[in-house]
Amino acid sequence: MNKLEGNYRYGTYGLLAEFETPGALVHAAERAHEEGYRLMDCFTPYPIEEAAEAVGFKKNRVSLITLIGGICGGLGGYSLMYWISVIDYPINVGGKPFHSWPAFIPVLFECTVLGAALFTLIGMLALNGLPMPYHPVFNAPEFARASKDRFFLVIEAADPKFSLDETGTFLESMHAASVVEVGN
Amino acid sequence: MATNEITPKPPTVQLEPPVIGPGHNFTSVTEKISRIVLTKHTPLGWIFGFLIAFGIMNMLLGAVSWLLVKGVGIWGITIPVGWGFAIVNFVWWIGIGHAGTLISAILLLFKQSWRTSINRFAEAMTLFAVACAGLFPLIHTGRPWLAAYWLFPYPNTMNIWPQFRSPLIWDVFAVSTYASVSLMFWFTGLIPDLATLRDNAKSRVGQIVYGFLALGWRGSAKHWHRYETAYLLLAGISTPLVLSVHTVVSFDFAVAVLPGWHTTIFPPYFVAGAIYDGFAMVLTLMIPLRAAYGLKDLVTMRHIQNMSKVMLATGLIVAYGYMMEAVMGWYSASKFEFFQMVNRTTGPMSWAYWMLILCNIATPQLLWFRRVRANVVLVWWISMVINVGMWLERFVIVVISLHRDFMPSNWGRYIGTRWDWMTYIGTIGMFTTLIFLFIRVLPMISIFEVRTLVPAAKLGHDFDTTTNLMKPDETKI
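Same order as they appear, the protein sequences are chains A and B. Heads up: the first sequence begins at 1 in the working numbering, then just goes up one per residue. Heads up: the second sequence begins at 1 in the working numbering, then just goes up one per residue.
No lab work stands behind these hints: they were computed from the structure. Some hints here could point you the wrong way.
Keeping only pairs whose Cα atoms sit at most 16 Å apart, straight-line, the calculated EDC-like set for lysine to aspartate or glutamate is [stated by the list, open to error]:
1. K458/B / E166/A
2. K458/B / E142/A
3. K148/A / E31/B
Example chain B residues on the side facing chain A (calculated, C-beta under 7 Å, incomplete) [to be verified]:
4. P22
5. G23
6. T27
7. L107
8. F164
9. R165
10. R218
11. A221
12. E228
13. S244
14. M324
15. Y331
16. L437
17. T452
Just so it is clear, the structure is predicted and the values come from calculations on it, not from any experiment. For every residue, glycine included, the Cβ atom is placed at its ideal position computed from N, Cα and C.
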């Protein structure tokens, strides 16, 4: 049973509004931000930069992770080569010194790239919290269209300004095709 | 009173064909592409093509099995040509792979929106080409079960390690990295499309498999933001990678002292040649596929023409490379270098060299003409000729340089045996089989990227913030 506690009802994740055009979604998200809602998110079938800005998303740490990955890859590759060629299995190849660093450059480059790419993918997924097979918004019946041709805005019930009636009215005034309550 | 109206003449400027056919919206684009994958009825043409490709792939199975039983003596390699088809095919396949990364990564960095309908297919082509390429370094060792210890740095009971000053080990790292990064890049691009397939699949198996692979993607704007950054970074990383990989492959030759191999033009010449060959292969495959699957409004004449232009440009770079080789043969004042050019043009294997010039330099000059670029069948034939020409280029570089080197007492001939040919054609079968499997189970065009090309995707035209009303949708017919 849904208990009523102030404006918050257990079992409700939030209100999900469906829009037919990207412009309508971005406009609604901006207005919602102006109204003071903070815990919200947009769902779109392709990336829309303005939507991410409208829900207040700024910090993006993926680039830092890529850099760290590249450095790790490079250091790892170089130390491998150094240890093998200078310490553990030094052999005289064409009179080159054991620490023939110019010859190590191609492999160093490749290891750097590999490390950077690996960290980028895993970092992006980890920061996004993926894989996450279940999320409350999947409960909404029409949500399958978020990956096809519709644009969604969810305002979470955990937001302090959330109220089932007021938020619902607000979303409907934004010309949403539908507004549904999403259960947890 | 009758007025003499001057009717304005219609503009005679020839407009470029559009990047996407008219009348598309998000729904139509999604359905058109996902329908090919989610259909229950596999088209008869697909089954037929797949069976042929699979049959040819079994030639590879036979040829490699016989190789492992009998050894590399079944191939035509001998002294002085100790490296034959295996290295030629390896370089050919890797080269083909590079177009995929170029289309995905480099065109993204250049903000070329026309890449969106060909990049998925091109990246898949890269992965399969690298898979075919990777076979050759393994099997050409003769005893590949022993090859692991001198290719990969792993701790072994003999306490030995690979030698890092050799281009062969650089190759191992370069190609492995290229395969891994291409796979990651391809998979990253697939995640949102897998979500689309998960949400539209009718069969339970489809829902579960696509759902598992889609990792729970829900299209959250925050996720998209990080996703786009990751995608751009992977593109930025892949660009120097693709240039370095074929450079390292060219080092297999350039680092040796053989005349005809030991030249500094090789890295840029190989990279340009790889892009040339790869674009030709994309066209060879994409032109029949777009006709068979009715995708002409997503892979439009604009794509065909742009790819033809890239082929023409890289073909000219390759032509410059050939010219430089010839000039350096004379300018170097080395009789061995000079003889290399004389041998290529007039020696016993000069037929290969002249066919090469015909296929790689002469034929693509037709692409200067707009009429030719607009003719899809002609472009298809030209791209197949280029594929053959690029194989010949590697053949000329490897075999002709090797068969007559410094000492006349060392001279010899090289013939590819039937096992050489079976292995090569078998890898073509393997490649085609993988392509068929790919187009059946995964979307061959990047759905979410093509959505950004649809007119409805432009913000600001649909919602009138002054009247708070929706403007009439201009995309609805």
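| message | Given the hinted pair K458/B and E166/A, is their Cα-Cα distance within 16 Å? | response | violated, 31 Å
| message | Hint validation: P22/B versus chain A, beta carbon distance must be below 7 Å. Holds or violated? | response | For P22/B, the interface hint is violated, since the closest Cβ of chain A sits about 18 Å away, which is over 7 Å.
| request: Let me know if the C-beta of Y331/B comes in closer than 7 Å to any C-beta of chain A, holds or violated. | output: violated, 27 Å
| message | Quick check on the hint: E228/B CB to chain A CB, less than 7 Å? | response | holds, 5 Å
| Hint status (Cβ of A221/B to nearest Cβ of chain A, threshold 7 Å) | holds, 4 Å
| said: Quick check on the hint: R165/B CB to chain A CB, less than 7 Å? | reply: holds, 4 Å
| Proposed proximity, E142/A with K458/B (alpha carbon, max 16 Å) | Roughly 23 Å separates the two Cα atoms, so the pair is violated.
| Would the stated hint for G23/B survive a check requiring a Cβ distance to chain A of less than 7 Å? | violated, 15 Å
| Proposed interface contact between R218/B and chain A, which counts if any beta carbon pair is under 7 Å | holds, 6 Å
| Can the hint on T27/B be confirmed by a CB-to-CB distance to chain A that is less than 7 Å? | holds, 4 Å
| Holds or violated: K148/A to E31/B, with C-alpha atoms at most 16 Å apart | Within the cut-off at roughly 9 Å; holds.
| field | Hinted contact L437/B with chain A - closest CB pair below 7 Å | value | violated, 23 Å
Against the hints set out earlier in the document, violations occur for numbers 1, 2, 4, 5, 7, 14, 15 and 16.
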